[in-house]
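Undergrad: Sequence:
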Amino acid sequence: MACALWLTATAHAGEKPDCPRPLTLALHDHGLLYSQQTDTGIDKDIAAEMARRSGCKFDISLMPRARIWKLIESGELDFSLSGITNPQRDQFAAFAWYFADHFALLVRRDAGVSKIEEFAAKPHLRLGAIPAFRYSDRGNELFDTLTAKNRITLTATFDALFKNLAINRIQGMIIEPFDYPSFDEYKVREQTLLIDFDDVPVPHGVIMSKKAIPAAEQEKWRALINGMRADGSMQRIFEKYFPAKQAAALLNALPPQ
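Going by my numbering, the letters in the sequence shown line up with residues 1 to 257, in that order.
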């Protein structure tokens with residue numbers, strides 16, 4: 001894997017991305033990926049390294065995920081981070097992958113469920129979600145099923161999701177490893193359990209607007225991200241937030257590029 005990444009990165013050696021103007025990049029508030037409260041996170045560190053390696057200036061902002069996708073589609077936003085794709089998004093966004101992970105259902109113990117199917121089968125249980133978020137295959141299936149039954153409570157932030165879970169306004173939410181530290185912050189660790197969807201790991205990466213970033217430039221940014229993976233820089237960023245073994249597992253879960 002490391003050799004393949006090195007070859008991909010060196011294929012564009014010396015070809016730094018063009019940046020005749022400041023480039024726009026939006027972060028979203030999502031656990032260890034980025035915390036507005038502390039102004040820290042994996043995605044912020046990746047953005048800083050992208051700027052350092054490319055020599056480009058980035059105008060970085062914080063936006064809700066739904067707005068990010070709309071602006072990526074229109075070409076008004078150049079980049080975002082830690083995005084996942086689907087056939088619709090593939091029409092207007094390109095990606096440079098850097099990790100993959102599993103989704104799980106965080107559910108209140110007093111909901112009386114131990115399987116995904118049991119949550120869907122109990123009509124009084126509600127799932128909390130953030131607009132425009134998508135998940136793994138089974139996670140999307142659960143979300144879409146409950147949406148059709150009007151059993152979704154939408155909120156703008158993860159802060160609101162966890163608070164709703166703590167007061168039993170919702171009984172479940174779909175999360176990733178980046179959200180696990182929040183269990184203690186919102187005092188839900190003892191009253192919840194995790195049910196893995198058992199799907200294959202879902203790739204996440206740099207999101208590039210196809211309207212704003214030409215195809216040749218997209219390849220340069222992919223080479224830059226692959227270079228970060230190949231030389232250990234990405235591993236070091238992840239190790240600021242995860243134990244080394246878990247950081248490596250997230251980065252190595254990507255399918256062959």
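Calculated from the structure, these hints are not laboratory results. Check the hints yourself; a few may be wrong.
As the list claims (entries may be wrong) - Computed beta-carbon distance windows for the label pairs:
no.: 1; residue 1: Gly112; residue 2: Glu141; range: 20 to 26 Å
no.: 2; residue 1: Lys245; residue 2: Glu76; range: 23 to 29 Å
no.: 3; residue 1: Gln36; residue 2: Leu193; range: 27 to 33 Å
no.: 4; residue 1: Lys115; residue 2: Glu76; range: 15 to 21 Å
no.: 5; residue 1: Pro87; residue 2: Ala148; range: 43 to 49 Å
no.: 6; residue 1: Lys245; residue 2: Lys211; range: 28 to 34 Å
no.: 7; residue 1: Asn150; residue 2: Leu194; range: 21 to 27 Å
no.: 8; residue 1: Glu15; residue 2: Ala160; range: 18 to 24 Å
no.: 9; residue 1: Ala166; residue 2: Lys16; range: 43 to 49 Å
no.: 10; residue 1: Pro255; residue 2: Ala156; range: 43 to 49 Å
no.: 11; residue 1: Pro243; residue 2: Arg189; range: 14 to 20 Å
Unchecked claim - Here are the simulated lysine-lysine pairs, DSS-like style, with alpha carbons at most 30 Å apart:
no.: 12; residue 1: Lys115; residue 2: Lys149
no.: 13; residue 1: Lys187; residue 2: Lys240
no.: 14; residue 1: Lys122; residue 2: Lys70
All residues carry an ideal CB built from backbone N, CA and C; glycine is no exception.
Undergrad: Please go over all the hints and tell whether each is borne out by the structure.
TA: We went through each hint and held it up to the structure:
Evaluation of the 20 to 26 Å hint for Gly112 and Glu141 yields a pass: the beta carbon distance comes to about 21 Å. In this structure, Lys245 and Glu76 break the distance hint of 23 to 29 Å, their C-beta atoms being roughly 40 Å apart. Distance hint check for Gln36 and Leu193: the Cβ-Cβ separation is about 28 Å, which falls inside the suggested range of 27 to 33 Å. Checked against the given bound of 15 to 21 Å, the beta carbons of Lys115 and Glu76, roughly 43 Å apart, lie outside it.
Checked against the hint of 43 to 49 Å, the pair Pro87 and Ala148 fails, with Cβ atoms roughly 20 Å apart. Distance hint check for Lys245 and Lys211: the Cβ-Cβ separation is about 40 Å, which falls outside the suggested range of 28 to 34 Å. Between Asn150 and Leu194 the beta carbon distance is about 26 Å. The supplied range of 21 to 27 Å therefore holds. The beta-carbon spacing between Glu15 and Ala160, approximately 43 Å, falls outside the hinted interval of 18 to 24 Å.
Restraint check, Ala166 to Lys16: a C-beta distance of roughly 47 Å satisfies the suggested window 43 to 49 Å. About 32 Å separates the C-beta atoms of Pro255 and Ala156, a value inconsistent with the hinted range of 43 to 49 Å. In this structure, Pro243 and Arg189 meet the distance hint of 14 to 20 Å, their C-beta atoms being roughly 18 Å apart. Note on Lys115 and Lys149: the hinted pairing holds, with a Cα-Cα distance of about 19 Å set against a maximum of 30 Å.
A distance of roughly 23 Å separates the Cα atoms of Lys187 and Lys240; the hinted pair therefore holds under the 30 Å criterion. With a C-alpha separation of about 34 Å, the suggested pairing of Lys122 with Lys70 is violated against the 30 Å cut-off.
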